[in-house]
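Trainee: The chain contents come next:
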Amino acid sequence: MKSAFLFPGQGSQYVGMLNDLPHDPVVKQILEESSDLLHLPIESLHNDKALSTTKAVQQCLLIASVSTYKVFEKNGLTPSFVAGHSVGAFGAAVASGVLTFEEALKLVSLRGELMERTCDKGFGMAVVLGLDEDRLLEIVTQLFNVDEPVYVSNRNSPTQITLSGSLKGLERVLEYVKKHGAISAHLLNVSTPSHCPLFKNVSEELLVELNKLDLKRPKIPISSNVNSRLLRQADAVKEDLAKSICYPVRWHDAVNLLYETGTRLFIEMPPGDVLSKLANQAFSDVRTMAITKNDIEDCFYVMSN
Amino acid sequence: MVMTNIPKEKRSWTTRLEAKKERLESVKGLVDGVIIPTNRIVDALELLIRPGDRVVLEGNNQKQASFLSQSLVQVDPRKVHDLHMIMSSISRPEHLDIFEEGIARKIDFSYAGPQSLRIAQMIEDGKIELGDLHTYIELYGRLFIDLIPSVALVAADKADRHGNLYTGPNTEETPTLVEAAAFRDGIVIAQVNEIVDELPRVDIPSSWVDFIVVADKPYELEPLFTRDPRHITDIQILQAMMVIRGIYEKHGVKSLNHGIGFNTAAIELLLPTYAASLGLKGKICTNWVLNPHPTLIPAIESGWVESVHCFGGELGMEKYVEARRDIFFTGKDGSLRSNRTLAQLAGQYAVDLFIGSTLQMDGLGNSSTVTKGRVAGYGGAPNMGHDPGGRRHSTEAWYNMMTSDDPLARGKKLVVQVAETFQEANKPVFVESLDAISVKDQAKLAVAPVMIYGEDVTHVVTEEGIAYLYKSDSISERREMIASVAGVTPIGMESNPKTVERLRQQGLIAMPEDLGIRRSDAKRSLLAAKNIDELVQWSGGLYTPPAKFRSW
Numbered sequence: 001m002k003s004a005f006l007f008p009g010q011g012s013q014y015v016g017m018l019n020d021l022p023h024d025p026v027v028k029q030i031l032e033e034s035s036d037l038l039h040l041p042i043e044s045l046h047n048d049k050a051l052s053t054t055k056a057v058q059q060c061l062l063i064a065s066v067s068t069y070k071v072f073e074k075n076g077l078t079p080s081f082v083a084g085h086s087v088g089a090f091g092a093a094v095a096s097g098v099l100t101f102e103e104a105l106k107l108v109s110l111r112g113e114l115m116e117r118t119c120d121k122g123f124g125m126a127v128v129l130g131l132d133e134d135r136l137l138e139i140v141t142q143l144f145n146v147d148e149p150v151y152v153s154n155r156n157s158p159t160q161i162t163l164s165g166s167l168k169g170l171e172r173v174l175e176y177v178k179k180h181g182a183i184s185a186h187l188l189n190v191s192t193p194s195h196c197p198l199f200k201n202v203s204e205e206l207l208v209e210l211n212k213l214d215l216k217r218p219k220i221p222i223s224s225n226v227n228s229r230l231l232r233q234a235d236a237v238k239e240d241l242a243k244s245i246c247y248p249v250r251w252h253d254a255v256n257l258l259y260e261t262g263t264r265l266f267i268e269m270p271p272g273d274v275l276s277k278l279a280n281q282a283f284s285d286v287r288t289m290a291i292t293k294n295d296i297e298d299c300f301y302v303m304s305n
Numbered sequence: 001m002v003m004t005n006i007p008k009e010k011r012s013w014t015t016r017l018e019a020k021k022e023r024l025e026s027v028k029g030l031v032d033g034v035i036i037p038t039n040r041i042v043d044a045l046e047l048l049i050r051p052g053d054r055v056v057l058e059g060n061n062q063k064q065a066s067f068l069s070q071s072l073v074q075v076d077p078r079k080v081h082d083l084h085m086i087m088s089s090i091s092r093p094e095h096l097d098i099f100e101e102g103i104a105r106k107i108d109f110s111y112a113g114p115q116s117l118r119i120a121q122m123i124e125d126g127k128i129e130l131g132d133l134h135t136y137i138e139l140y141g142r143l144f145i146d147l148i149p150s151v152a153l154v155a156a157d158k159a160d161r162h163g164n165l166y167t168g169p170n171t172e173e174t175p176t177l178v179e180a181a182a183f184r185d186g187i188v189i190a191q192v193n194e195i196v197d198e199l200p201r202v203d204i205p206s207s208w209v210d211f212i213v214v215a216d217k218p219y220e221l222e223p224l225f226t227r228d229p230r231h232i233t234d235i236q237i238l239q240a241m242m243v244i245r246g247i248y249e250k251h252g253v254k255s256l257n258h259g260i261g262f263n264t265a266a267i268e269l270l271l272p273t274y275a276a277s278l279g280l281k282g283k284i285c286t287n288w289v290l291n292p293h294p295t296l297i298p299a300i301e302s303g304w305v306e307s308v309h310c311f312g313g314e315l316g317m318e319k320y321v322e323a324r325r326d327i328f329f330t331g332k333d334g335s336l337r338s339n340r341t342l343a344q345l346a347g348q349y350a351v352d353l354f355i356g357s358t359l360q361m362d363g364l365g366n367s368s369t370v371t372k373g374r375v376a377g378y379g380g381a382p383n384m385g386h387d388p389g390g391r392r393h394s395t396e397a398w399y400n401m402m403t404s405d406d407p408l409a410r411g412k413k414l415v416v417q418v419a420e421t422f423q424e425a426n427k428p429v430f431v432e433s434l435d436a437i438s439v440k441d442q443a444k445l446a447v448a449p450v451m452i453y454g455e456d457v458t459h460v461v462t463e464e465g466i467a468y469l470y471k472s473d474s475i476s477e478r479r480e481m482i483a484s485v486a487g488v489t490p491i492g493m494e495s496n497p498k499t500v501e502r503l504r505q506q507g508l509i510a511m512p513e514d515l516g517i518r519r520s521d522a523k524r525s526l527l528a529a530k531n532i533d534e535l536v537q538w539s540g541g542l543y544t545p546p547a548k549f550r551s552w
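Chains as they are written, first to last, in the UniProt record's numbering: chain S, 1 to 305; chain X, 1 to 552.
The hints are simulated quantities; they were obtained by calculation from the structure and are not laboratory data.
It is possible that part of the hints are untrue.
Dumping the calculated DSBU-like pairs for lysine-lysine here, alpha-carbon to alpha-carbon at most 30 Å [stated by the list, open to error]:
#	chain 1	residue 1	chain 2	residue 2
1	X	LYS372	S	LYS2
2	X	LYS523	X	LYS254
3	X	LYS127	S	LYS243
I would like the entire structure built from these sequences, with the hints used as guidance.
Mentor: Set out below in structure tokens:
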């Protein structure tokens with residue numbers, strides 16, 4: 001049975017999350033390495049205050065997912081494919097051997113800083129349930145206003161789609177979709193309008209940094225964010241990592257591609273179980289596990305059988 | 001007259017045979033008679049298949065030559081490349097892996113539902129050269145005209161030492177694929193689950209087969225036609241009642257095909273209950289071209305069904321079919337004989353009616369099941385879902401479609417499209433323009449992938465009512481009829497109560513009330529079986545559902 005490891009993005013973080021990682025010397029080592037690289041005690045990364053910043057959230061997500069991945073790797077268990085949602089793609093790239101952990105930590109720190117710097121208050125994201133991509137695109141185009149721009153962003157499932165842009169614009173769209181077929185529509189607790197053209201400069205600056213690195217060829221194919229293809233070349237991974245922040249994440253297609261390629265076991269790295277739930281909803285005959293919910297030993301057992 | 005242009009050198013008329021002999025010779029050292037050892041299959045394929053060959057790989061929506069497809073993906077692309085694959089269904093990951101590995105280059109196929117995103121991406125990225133999309137019959141036909149295979153890789157249940165094959169209940173399209181290669185000096189390789197001394201019966205004689213190989217595990221088989229009655233909704237029951245009264249009874253439909261939807265499963269399960277209460281037994285639904293649907297069991301047990309000819313088998317129905325030999329086509333050994341080619345032909349020419357569900361329909365009744373960004377192909381629905389111009393025999397239902405008194409007037413096949421006005425996510429089924437048009441552009445297809453053309457549709461059934469499209473030749477009137485059963489979709493909004501009333505008076509549309517159906521009567525309690533367990537009970541324990549359908 002083919003398997004894929006999924007690396008979560010922003011939204012899955014919670015206070016104290018780094019205390020809940022598997023008890024393993026490899027995890028301890030990554031935590032210490034992170035602390036050294038960031039010149040910070042780990043506790044100051046995942047407390048309430050720190051997690052209100054995009055930068056710390058992205059750092060925590062990378063540390064949690066990669067350290068857990070290393071435990072699998074140490075036990076000789078590697079998946080057939082990897083995929084990461086938004087910032088999760090950096091963790092996936094580490095797992096695939098394209099980036100080192102240190103390179104990835106620097107990149108996500110920069111990414112977080114740039115995102116915080118680019119938009120002032122008044123921007124964010126929302127999620128709409130119950131309308132499909134076409135309908136939502138139609139509505140957003142119809143209500144578009146240059147001063148309060150809103151874009152359709154992440155396709156998490158055929159009917160769970162996010163919007164990114166100005167808060168005022170988002171509120172206007174939310175009000176409209178609630179009256180026109182959406183089952184639910186609300187603002188997300190995110191202060192950055194990720195995955196839309198407003199972050200073009202972040203993408204460009206990330207690319208400059210990525211170009212300085214010697215990226216390795218993926219050892220494990222990566223299902224990508226921007227065009228949901230299986231990436232097998234370093235350059236393609238670089239492009240996806242840089243571009244993703246100003247393009248929608250086509251998550252549903254990325255997972256659907258893994259399914260069509262034969263993946264029937266999805267294991268979600270910590271924190272959270274958002275991605276395994278989405279996989280479960282989309283495909284009735286897959287098995288999903290999340291380290292946050294399942295014992296890691298159980299995941300070892302399922303993978304080795 | 002004097003022949004002046006006599007060639008000097010004598011032309012060979014047996015080049016194909018000589019080439020075949022040469023290939024057969026090349027594997028002499030590794031085969032044992034007609035048997036390729038399981039662990040040498042990749043070596044054998046590297047010798048027997050040559051670059052640029054046309055290769056038929058058996059994979060349809062049920063049976064898969066999975067051992068051979070998994071072996072083909074392991075051949076060395078330096079030895080075997082640029083293959084032109086011909087497949088009725090692209091269903092397994094390795095079916096497309098062979099393109100990514102550089103082993104194959106071009107594809108002609110019918111159906112790609114389980115790989116529809118990946119193939120769309122590969123077409124867009126230029127990683128696969130698309131021949132064309134076909135219906136089953138078209139693709140089988142082209143195997144004998146301009147897609148004649150050099151090699152056929154197929155699956156059978158059992159073989160004997162001579163290479164005779166038993167394909168049993170899942171004979172499906174194997175004989176057709178083998179015939180196209182075998183009688184044109186192509187090479188036929190069959191994977192089998194086992195080699196036995198004596199076969200239950202011979203479905204394909206050894207003289208059509210070059211090699212057999214015992215697969216490492218039995219071929220893949222999907223229980224595609226099993227519908228758990230638990231998931232049938234009240235709306236589907238209402239639609240089933242309308243179809244029974246407003247179409248089957250009204251036109252005297254005796255021979256038919258059903259799709260795999262829950263809509264048609266509901267009809268099958270209403271025959272012994274609702275339809276029986278209308279006194280229709282023996283008057284409708286007697287002769288079928290249909291897979292052995294478990295949901296047909298109650299109708300068979302209640303004496304509704306005279307005959308069923310099958311495209312393929314269905315997992316778990318083997319013993320039931322054997323025990324109902326009067327109904328199904330069976331061999332001397334007692335097991336089902338299916339044949340997809342003949343069943344498709346029968347479904348095209350010999351039945352009164354085809355009924356299927358659709359995901360999208362435009363104002364003129366053109367319908368499609370495509371989704372943007374996906375290339376799923378057709379399968380067999382368009383073969384059966386059209387009015388075949390070559391039909392000359394008349395039946396009551398066919399004759400009943402005649403609307404003119406022209407001396408040359410003829411009847412029509414009934415083509416029924418069933419749909420609820422909205423899909424999930426508030427997506428209207430009735431739309432101004434089909435997504436098929438954008439798929440055409442994205443996948444660079446020659447024509448938009450329309451499943452059933454409006455001109456062939458005789459009836460549209462929604463939860464609102466039935467539109468009797470066959471009664472009108474006027475495009476504007478047909479559009480009005482569709483709009484009046486299209487609910488509050490964009491197309492439906494064109495309609496108004498006055499038009500609806502007029503069309504009802506003219507008998508061009510019918511609401512449930514007009515058919516004597518009370519909406520409140522459409523309840524699950526009408527189903528002859530409400531779950532899989534009750535189907536097993538109806539079958540007297542002969543039906544043994546696959547594990548995933550068992551709740552006990």
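Trainee: State for each hint whether it applies.
Mentor: For each hint, the structure was consulted:
1. X:LYS372 - S:LYS2: holds (27 Å)
2. X:LYS523 - X:LYS254: With a Cα-Cα distance of about 25 Å, the restraint between LYS523 (chain X) and LYS254 (chain X) holds, given a limit of 30 Å.
3. X:LYS127 - S:LYS243: holds (23 Å)
Of the hints listed earlier, there is not a single one the structure fails to meet.
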